[in-house]
Amino acid sequence: MDEATQRELNTFVEQEQAKAKLQSSTHTFTEMCWNKCITGSISSRFSKSEESCLVNCVDRFLDTSLHIVKALDHQRQQMQPQ
Amino acid sequence: MSLFGASKKQPDVNKMKDEIQQASALANAQQLINNMNNQCYSKCILKPSNALSSGEEGCLNNCMQRYMEAFNIISTTYVHRMSKERHEQGV
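Chains as they are written, first to last, in the numbering used here: chain U, 1 to 82; chain F, 83 to 173.
Honestly, the hints are just simulated from the structure, not real lab data.
For each residue, glycine too, the CB sits at the ideal point set by N, CA and C.
Any given hint might turn out to be false.
[As the list claims (entries may be wrong)] One-sided and incomplete, this derived list gives chain U residues near chain F with beta-carbon spacing under 8 Å:
| id | residue |
| --- | --- |
| 1 | Glu8 |
| 2 | Leu9 |
| 3 | Asn10 |
| 4 | Thr11 |
| 5 | Glu16 |
| 6 | Trp34 |
| 7 | Ile42 |
| 8 | Cys53 |
| 9 | Leu62 |
| 10 | Val69 |
| 11 | Leu72 |
| 12 | Asp73 |
[Unchecked claim] Using 20 Å as the maximum straight-line C-alpha spacing, the simulated SDA-like pairs for lysine to any residue come out as follows:
| id | chain 1 | residue 1 | chain 2 | residue 2 |
| --- | --- | --- | --- | --- |
| 13 | F | Lys99 | F | Ile115 |
| 14 | F | Lys99 | U | Thr5 |
| 15 | U | Lys21 | F | Thr159 |
| 16 | U | Lys21 | U | Ser65 |
| 17 | F | Lys129 | F | Ala111 |
| 18 | U | Lys36 | F | Lys99 |
| 19 | U | Lys36 | F | Lys125 |
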């Protein structure tokens, strides 16, 4: 395999891995949010509140992760000797 | 130049890409089916008896549809959020 082909394939694999990572997170979120939001019996369609709960669930989870990073960074700065 | 040498020299890159994509799609589908199985079993089969009742089967059918719908809603929300944040960082 020549160098250009090797490079092309590497880029492709990296893209596919990024995609797989995104899909894997989506599976995790789906399980987590399903447990949080779909608490009643299953019907032939989602209620409005179930649907918006699913959307909010993802957004608030990502907010949470941003918040934790920021809060830890804040704590670290306060602990550092002046 | 041997026959094998010739085929070795030019591996079909597109074929390799296809195979990688198929393997990845298969893994993704298996994950979805696995999770759906667990979640819908716990939602629909409350007291396992000696066979699935028609009510349980109906519940499973609804649950499968809802689980895939939930996956799509969450996927759309997640991708939208990621592209929004990437855009904000870029500014």
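Task: Numbered hints the structure breaks, given as an ascending list - done: Numbers 3, 4, 8, 10, 11, 12, 13, 17 and 18 - these are the hints that the structure violates, sorted from lowest upward.
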